[in-house]
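Visitor: With the sequences and hints as input, model every part of the structure.
In the order they appear, the protein sequences are chains A and B. Going by the numbering used here, the first residue of the first sequence is number 36, and it counts up by one from there. Going by the numbering used here, the first residue of the second sequence is number 87, and it counts up by one from there.
Think of the hints as simulated: they come from the structure by calculation, not from any bench. Be a bit skeptical, because a hint or two may be false.
To be verified - A few chain A residues facing chain B, derived, Cβ under 7 Å: (1) Glu235; (2) Asp239; (3) Gly241.
What the hints assert, rightly or not - Here are the simulated distance ranges between beta carbons: (4) Ala155(B) x Ile174(A): 30 to 40 Å; (5) Ile174(A) x Pro186(B): 21 to 31 Å; (6) Pro196(A) x Lys163(B): 42 to 52 Å; (7) His249(B) x His231(A): 18 to 28 Å.
Being a predicted model, the structure only gives us computed values, none of them experimental. Think of the CB as a built atom: it goes at the ideal place given N, C-alpha and C, for glycine as much as any other residue.
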Amino acid sequence: MSGLGTKVNWGRVGIATFPWFWLGLFFVLPFIFVLKISLAEPQLAQPPYMDLIREFEDGFMTLVINFGNYRLLLEDSLYINALLGSIKVAAISTLLAILVGYPVALGIARAPAHWRLPLLMLIILPFWTSFLIRVYAWIGILKNNGLLNQFLMWTGLIDTPIDILYTPTAVYIGIVYSYLPFIVLPLYATLVRLDHSLLEAAADLGCSPIKQFLLITLPLSVPGLIAGSMLVFIPVMGEFVIPDLLGGPNTLMIGKLMWTEFFANKDWPLASALAAVLLVVLIIPFVVLRHMEQRSEEVE
Amino acid sequence: MTYTAPNPFVDEEPIVRIEGVTKTFGSTYAVDDVSLQIFRGEFFSLLGSSGCGKTTLLRMLAGFEAPTAGRIYIDGKDITDVPPYRRPINMMFQSYALFPHMSVVDNIAFGLKQEGMPKESIKERVEEMLDLVQISALGGRKPHQLSGGQRQRVALARSLAKHPRILLLDEPLGALDKKLRERTQFELVNIQERLGITFIVVTHDQEEAMTMSSRVALMREGRIEQIDTPRMIYEFPRSRYAASFFGSINLFAGVVESQDEECINIHSEEAGGMLRVNYSHPIAIGSDVTVAVRPEKLRLLTEASDQPNTIEGVIEEIAYLGDVSIYHVDLVSGKRIQFTQPNTQALAEQPLDWGQRVTLSWQSQAAGVLTE
Numbered sequence: 036m037s038g039l040g041t042k043v044n045w046g047r048v049g050i051a052t053f054p055w056f057w058l059g060l061f062f063v064l065p066f067i068f069v070l071k072i073s074l075a076e077p078q079l080a081q082p083p084y085m086d087l088i089r090e091f092e093d094g095f096m097t098l099v100i101n102f103g104n105y106r107l108l109l110e111d112s113l114y115i116n117a118l119l120g121s122i123k124v125a126a127i128s129t130l131l132a133i134l135v136g137y138p139v140a141l142g143i144a145r146a147p148a149h150w151r152l153p154l155l156m157l158i159i160l161p162f163w164t165s166f167l168i169r170v171y172a173w174i175g176i177l178k179n180n181g182l183l184n185q186f187l188m189w190t191g192l193i194d195t196p197i198d199i200l201y202t203p204t205a206v207y208i209g210i211v212y213s214y215l216p217f218i219v220l221p222l223y224a225t226l227v228r229l230d231h232s233l234l235e236a237a238a239d240l241g242c243s244p245i246k247q248f249l250l251i252t253l254p255l256s257v258p259g260l261i262a263g264s265m266l267v268f269i270p271v272m273g274e275f276v277i278p279d280l281l282g283g284p285n286t287l288m289i290g291k292l293m294w295t296e297f298f299a300n301k302d303w304p305l306a307s308a309l310a311a312v313l314l315v316v317l318i319i320p321f322v323v324l325r326h327m328e329q330r331s332e333e334v335e
Numbered sequence: 087m088t089y090t091a092p093n094p095f096v097d098e099e100p101i102v103r104i105e106g107v108t109k110t111f112g113s114t115y116a117v118d119d120v121s122l123q124i125f126r127g128e129f130f131s132l133l134g135s136s137g138c139g140k141t142t143l144l145r146m147l148a149g150f151e152a153p154t155a156g157r158i159y160i161d162g163k164d165i166t167d168v169p170p171y172r173r174p175i176n177m178m179f180q181s182y183a184l185f186p187h188m189s190v191v192d193n194i195a196f197g198l199k200q201e202g203m204p205k206e207s208i209k210e211r212v213e214e215m216l217d218l219v220q221i222s223a224l225g226g227r228k229p230h231q232l233s234g235g236q237r238q239r240v241a242l243a244r245s246l247a248k249h250p251r252i253l254l255l256d257e258p259l260g261a262l263d264k265k266l267r268e269r270t271q272f273e274l275v276n277i278q279e280r281l282g283i284t285f286i287v288v289t290h291d292q293e294e295a296m297t298m299s300s301r302v303a304l305m306r307e308g309r310i311e312q313i314d315t316p317r318m319i320y321e322f323p324r325s326r327y328a329a330s331f332f333g334s335i336n337l338f339a340g341v342v343e344s345q346d347e348e349c350i351n352i353h354s355e356e357a358g359g360m361l362r363v364n365y366s367h368p369i370a371i372g373s374d375v376t377v378a379v380r381p382e383k384l385r386l387l388t389e390a391s392d393q394p395n396t397i398e399g400v401i402e403e404i405a406y407l408g409d410v411s412i413y414h415v416d417l418v419s420g421k422r423i424q425f426t427q428p429n430t431q432a433l434a435e436q437p438l439d440w441g442q443r444v445t446l447s448w449q450s451q452a453a454g455v456l457t458e
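Guide: Shown next as structure tokens:
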């Protein structure tokens, strides 16, 4: 093959490479920095870590790699527990968000067409207020003499205020509230495209409405469910504001720990190691999912 | 003419009885007080242009729409309020509505699984269905791997799998190209005859309805215009709308002058003379009627005649269609009519030419009288 007549379409090359360029500049490069810091030794200086490549008095360049941070992460049960705690919180939150978000998304998708946009706006509207303020507002609602307890006592359901604030329940409430739009929007996008005649066909072939949902709507909404779950699970894994504000001192999450290591303990290398481990933990399910998706595409 | 529709089914109890069914959407009447009966084993067509209410009527039979008024009976049982999943009816959807996440086999087996049929019997039935619609090799495929024609077959197999008492088909051939459509028409009829299932088909294609149906219900603006066998509806349309819906027809406005035992005599300015048509119902002298004659019923006369049912004009257009030619003739009254002649010889000298003056005639029983 001679390259005669094949003109390089630079526009197309640009479009194809731009995501890679973006990813390289804003993800790979920073991550290399993080990785580098995680392999360094902490020091009380500015910056608070030592260079990997150091010149000693004898004039030799030496590469000093310190795996101690990673070893500490494995040895100290605090970090493993925090990681497991984060996975647990993220998993339960994702599940709760699905349970709350699915009916909402389905309701909007099945609403008359002229109602859908206003309803979606209502879902997105809270985003126009600062995230921090919204989480603070929950303190006012959940605290012992807060709105929720006052309401429950007024209805006579309870006599004495129940402790919600600074418990895991408060964390879940805060997370599900904050991340709900992330599950509703992709689910809505999938459900609204669902061909209504498929449900009619299922009904015609003997499916009650519940079975129509289980056999048709639910399986066909899996792509939206996966997208929404990832949008909730991944950021919640690293979430630290909500557990910090609403959770008690016992709420152990890796995001909070990272915050402490960075800002309170000034141990940048250890915090970086934590960040690197978190990334790996998050990438594994993503890769597995991708792989499964590709395989099911091949089968089709 | 005291014809009654030669319908072989009328003696039986109807399998579907629709009584005074009306469906309104807001202030529009989609279906307006429709009553009709469909008999066991019929291939019944609901025919009409878009928006005539035929699909709404079909969807009410399936249970997807609830009638605003009226009742629907199946085998004498009122099913008006029975949800779709409890009706002994299956439907083949216009869009096919195949489940995209299931293979062809799973699509066909879907209804049987809902019934709780044992696995072995399901397998057997699915094989039988795949065989019936001749797609046995495609069982493992997903819908998106099939051509339009193959999808149509899967949809048919799926809707037939439960051996429903009645099968509803919404424009079953609408998405196929012309060639495939013609072939599939006969296949559908064969399958229907073999299984003995009552078919109710919605179509906007009069040719399709004529080819396949035992009876046709022509609908217009939510109402039934005429229900008859294809032959009767073609030869003896009851209204101008029905007449012009099926093929082309020549219409002559006129006034009844006299009536004898089997015919009425009509004076028609448009036809330029007297017309004589078989008609045995009593009709008022002086009433306005329309005489309808199909183009193929007109015969070419070699010389002028003053007999009734004779018209004269000049050939203005000729359309050669291969098997027949269509001639457009301008009458003295200025009215343009059509007549067709079969092309019996390949290279005959052209017997008729543009500008030629012709005399045409037809027999008194070849035309119909339309009073509405």
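Visitor: Next item in the hint list is Glu235(A). Is there a CB on chain B closer than 7 Å to its CB?
Guide: Holds - the Cβ of Glu235(A) comes within 7 Å of chain B, reaching about 5 Å at its closest.
Visitor: Just tell me: holds or violated, for the beta carbon distance of Pro196(A) and Lys163(B) against 42 to 52 Å?
Guide: violated (60 Å)
Visitor: Okay, Ile174(A) versus Pro186(B) on CB: inside 21 to 31 Å?
Guide: violated (47 Å)
Visitor: How does the Cβ-Cβ distance of Ala155(B) and Ile174(A) compare with 30 to 40 Å: does it lie in that range?
Guide: violated (58 Å)
Visitor: Holds or violated: is there a CB of chain B closer than 7 Å to the CB of Gly241(A)?
Guide: holds (4 Å)
Visitor: Confirm or reject the claim that His249(B) and His231(A) have a C-beta distance inside 18 to 28 Å.
Guide: Since the Cβ atoms of His249(B) and His231(A) sit about 26 Å apart, the hinted range of 18 to 28 Å holds.
Visitor: Please verify that hint: Asp239(A), Cβ, nearest Cβ of chain B, below 7 Å or not.
Guide: holds (5 Å)
Of the numbered hints stated above, those contradicted by the structure are hints 4, 5, 6, listed in ascending order.
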